[in-house]
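Sequence order for the protein chains is W and E.
Okay, so the first sequence: first residue is 1 according to our numbering, each after it adds one.
Okay, so the second sequence: first residue is 1 according to our numbering, each after it adds one.
Any given hint could turn out to be false.
[Claimed, not checked] Listed below are the simulated EDC-like cross-link pairs for lysine to aspartate or glutamate, each with C-alpha atoms no more than 16 angstroms apart in a straight line:
id, chain 1, residue 1, chain 2, residue 2
1, W, K602, W, D616
2, W, K590, W, E539
3, W, K478, E, E220
4, W, K475, W, D497
5, W, K475, E, E216
6, W, K348, E, D166
7, W, K348, E, D161
8, W, K341, E, E74
9, W, K343, E, D166
10, W, K475, E, E220
11, E, K101, E, E56
12, W, K108, W, E218
13, E, K147, E, D176
14, W, K341, E, D166
15, W, K256, W, D287
16, W, K478, W, E493
17, W, K234, W, E251
18, W, K357, W, E340
19, W, K478, W, D497
20, W, K391, W, D497
21, W, K234, W, E172
22, W, K341, W, D287
23, E, K118, E, E74
24, W, K348, E, E169
25, W, K257, W, D289
26, W, K114, W, E172
27, W, K391, W, D477
28, W, K76, W, E493
29, W, K357, E, E169
30, W, K391, W, E495
[As the list claims (entries may be wrong)] Chain E residues, not near chain W, derived (Cβ > 10 angstroms throughout):
id, residue
31, V40
32, A170
33, S217
34, K290
[Said to hold, decoys possible] A short list of chain E residues far from chain W (calculated; beta carbon distances all over 10 angstroms):
id, residue
35, W43
36, L69
37, K107
38, L113
39, G117
40, D176
Since the hints were made in silico from the structure, they are not lab data.
Here the structure is a predicted model, which means the values were calculated and not measured.
C-beta atoms are modelled at their ideal positions from N, C-alpha and C, and glycine is treated no differently.
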Amino acid sequence: MSRIGVFVCHCGENISRTVDVERVAAQVGKMPGVAFATDYKYMCSDPGQTLLKKTIQEQKLSHVVVAACSPRMHEKTFRKAVEAAGLNPYLCEMANIREHCSWVHEDKQEATAKAIEIVGMLVERVKKNRVLPTITVPVTKRSLVIGGGIAGIQAALDIADCGHEVILVEREPSIGGHMAQLSETFPTLDCSQCIMTPKMVDVANHPKITLYSYSEIEQVDGYIGNFQVTIRRKARSVDEDKCTGCGICMEKCPVKKIPNKFDCNLGMRPAIYVPFPQAVPNTPVIDRDNCIKFKTGKCGLCQKVCGPGAVDYEQEDRLVVEPVGAIVVATGFDLYTIDEKPKGSMIKGYGEFGHGKIPDVIDGMTFERLASASGPTGGKILRPSDGKEPKQIVFIQCIGSRAREKGISYCSKVCCMYTAKHTMLYHHKVHDGQAYVFFMDARTPGKAYDEFWRRSIEEEEAVYIRGMVSRLYQKGDKIVVMGSDIAVGVQVEIEADMVVLATAIQPRTGADSLAQKLGISYDKYNFYSEAHAKLRPVECATAGIYLAGACQGPKDIPDTVSQASAAAAKVMTLFAKDKLEREPIVARVKEAGCVGCFACKKVCAYGAVEEKEIRDRQGNLIKVVAYVNPGVCGGCGTCQATCPSKSVELDGYTDEQIVAMIEAL
Amino acid sequence: MKDKLNYSYYPGCSLHASAGEYDLSTRELFKQLSIGLTEVPDWFCCGATPAHNVDELLSLSLCAKNLELAEQVEGDLAVACAACFSRLKTTQHVLAESDVKRKQVEKAIDAPLKLDGKVKHLLEILARDLGLERLAASVKKPLAGLKVACYYGCLLTRPPDVTNLDCVEAPTIMEDVLKAVGAETVAWSHRMECCGANFTLSRPGVVIQLTNAILESAKEAGADCVMVACPLCHGNLDIRQKEIEGVYSVNYGLPVFYITQLVGLACGLSADKLGLGALIVNPMPLLKEKQLL
Chain W
1 MSRIGVFVCH CGENISRTVD VERVAAQVGK MPGVAFATDY KYMCSDPGQT
51 LLKKTIQEQK LSHVVVAACS PRMHEKTFRK AVEAAGLNPY LCEMANIREH
101 CSWVHEDKQE ATAKAIEIVG MLVERVKKNR VLPTITVPVT KRSLVIGGGI
151 AGIQAALDIA DCGHEVILVE REPSIGGHMA QLSETFPTLD CSQCIMTPKM
201 VDVANHPKIT LYSYSEIEQV DGYIGNFQVT IRRKARSVDE DKCTGCGICM
251 EKCPVKKIPN KFDCNLGMRP AIYVPFPQAV PNTPVIDRDN CIKFKTGKCG
301 LCQKVCGPGA VDYEQEDRLV VEPVGAIVVA TGFDLYTIDE KPKGSMIKGY
351 GEFGHGKIPD VIDGMTFERL ASASGPTGGK ILRPSDGKEP KQIVFIQCIG
401 SRAREKGISY CSKVCCMYTA KHTMLYHHKV HDGQAYVFFM DARTPGKAYD
451 EFWRRSIEEE EAVYIRGMVS RLYQKGDKIV VMGSDIAVGV QVEIEADMVV
501 LATAIQPRTG ADSLAQKLGI SYDKYNFYSE AHAKLRPVEC ATAGIYLAGA
551 CQGPKDIPDT VSQASAAAAK VMTLFAKDKL EREPIVARVK EAGCVGCFAC
601 KKVCAYGAVE EKEIRDRQGN LIKVVAYVNP GVCGGCGTCQ ATCPSKSVEL
651 DGYTDEQIVA MIEAL
Chain E
1 MKDKLNYSYY PGCSLHASAG EYDLSTRELF KQLSIGLTEV PDWFCCGATP
51 AHNVDELLSL SLCAKNLELA EQVEGDLAVA CAACFSRLKT TQHVLAESDV
101 KRKQVEKAID APLKLDGKVK HLLEILARDL GLERLAASVK KPLAGLKVAC
151 YYGCLLTRPP DVTNLDCVEA PTIMEDVLKA VGAETVAWSH RMECCGANFT
201 LSRPGVVIQL TNAILESAKE AGADCVMVAC PLCHGNLDIR QKEIEGVYSV
251 NYGLPVFYIT QLVGLACGLS ADKLGLGALI VNPMPLLKEK QLL
């Protein structure tokens, strides 16, 4: 016979204002199985918890129901108190009479009646609760970081500095990401390369970091503490161990005129190349699509001139499997392009800007390369079309951002600041030039940000025009910018030599397929979703996977670095224990009834359902049944709802318990 | 081959007056393409710009009555004039969105509305219903070597959720049709700009300025001629062209065709049947030079 204790909380006046708590306690006290019932002003307070613990011991209670707020609020609090009093914590349940009752009703009599029913249901349910042992999972104290931009680099360095091994995977031939492409950074105008490259070198030299550049994630198996990650190391055609980075292969390569993606296609590179001189690793890669050897079988010059014999045309993609305990996703962003988008795409292009057919209409990243001392023009601002210095330059903000009609409604966050920076860089380099900026709003929240923006207007002579541009077209060698100045209420036409578009930040192409491999969720734009927008901003809902940088949403460098360090701290928290403890609210399969249809496997969002073979003593296979890995199960109950033979049940939410709750009504 | 296409036809006032050649060439082209065209009996003015500036209920009711008349005739409603097209589509859109307005309008015209028929511009019929392939197959004299600046004006694609004709900022439907009949189209900057429309009567100075920019940009892009699908655009670009040349001391000499005239020409219709003689900027020298007559 159960001896259930019921504790009804007033929650100050939050509950007692509309629910007669004393009556609830009195009524529930009469229910079969209830040995004790009382009410108290603040159950979650220290005296409230002491009352709970004392009563459990004095009354020899077998189960506890706390009628108070939502279990999301205080279930952990009360289960801990129950455990301290010597009961299994999972023999304690909460009846929500605040959010589900007192907060949403006005009539005290009706609300009290409802509260009694809610508590009654939980009394019936808790009677059937089982003692559940805490689940422990071993932890592999190695971490995977996906993406070698500033986010991935920062997270990798922080984790490695703490003494844990890190596998850093980068898709491109070099780490560095977008930050390596930037010229100067706001709001201090320090050179991006100067602050970035030392960190890249630290990664290369760190004894705890294994860098897989030119590699991609192929497959992810396992669960928190125990992931198995398969990495595709794409054929570089150059042996990283032998190559000394002397660069003679690049000098001798007869193919010289391939547009360099790193320079936004402004500069040229050979077929065997490093994307930029400060690349890490400083090992070239052969672009097989453009290499004469791979296209015709002739040439082979790079192999002949390579002293250490590092060039290897036979190299193939290799798959490497790495066991890790935690994953930091830091895949960054792509820039929106104004060209025509595929039919049926949610996102549209800018036909009114000529779909990017005018050569001197460039995006902000291209301007960065023009302004960069290590860029294709050596830091001179020159037009791509004819190499002339633009004397009138127009910057247009919010291209794709905050443009619902184009399919993107969010703000890309960094464009106001980098456009202000661009006007300054322009003014420093072209003294007799004039910069105009079309903008909707200037969004400059950040330390020293607004001061920076004001400086671009007050000291660097940029003319800011509040209003948007309707159209761009080429007229002779000028670009006509047709816009409106809504502050004055007039149409504006500027004949510009160059136009720079502050294009929106979008998730990387293929972000969705990586998310599917990882089993993490993403929003309609393919930005990865955090577990809680405010309180768990760097964790995914999938345990053991963390987010850093712009893959989660548009971010500037300071925010990205902060989030990367936060993600690293989360990984280190996980690695602080040898074994993980987790809530045992997981699904269990009743193998006798399971017919092995695996409908549960199809619906499981966590990838927790595995196939298990049942064999007799001679080892003959009898049947294959579902097995729920308790380390992975998220306790959502979808499998239970799906199973046609009712052979899988979530502990604490079994069919029997739910029926008992309904019958209590 | 699909069944024969049949449409009810709403010419609108302009086509019975200043744009008679648009009406004539439309009827002749459709006959040539074996597309049925039955004029809506007893149709009247759609209200055009004045009505909706004065009284919404009046403007909706005028169009609704015309739609109701068109419902008596088989087939979707074919419209040639961009302004009529815009008003009829707007009326359908507004009445479909608002039950209150629909009831008011039904009371005003004293008839129930079905609102199930489609209103289609001639361009849509040629490019989509007939289809570019079948259109190309009907060509007898491809317009080879003729460089055309396709001029959309304001109302064909705007507002996008009402007209639903093509991409609002970078439409291609006119170019698609012309390419199907063998013409060359030029890429130019002012194909979506406003010509000034009916300010031609009250503020001709504004219209001359706007229209000059359009003609200048077409000429700069290397066009031989301009093609339109709206009688008002046609009036401003064609009738006013001589005057504009005088004001700005330039010489454009750009014939301005209706879409049905150029497509008709490619389909083998004669200059008379297409009303080419009614154009103010004489197209004959150009067409002779290109050996299209």
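Report the numbers of all earlier hints that the structure fails to satisfy, in ascending order. 1, 2, 8, 12, 17, 22, 26, 28, 32 and 33
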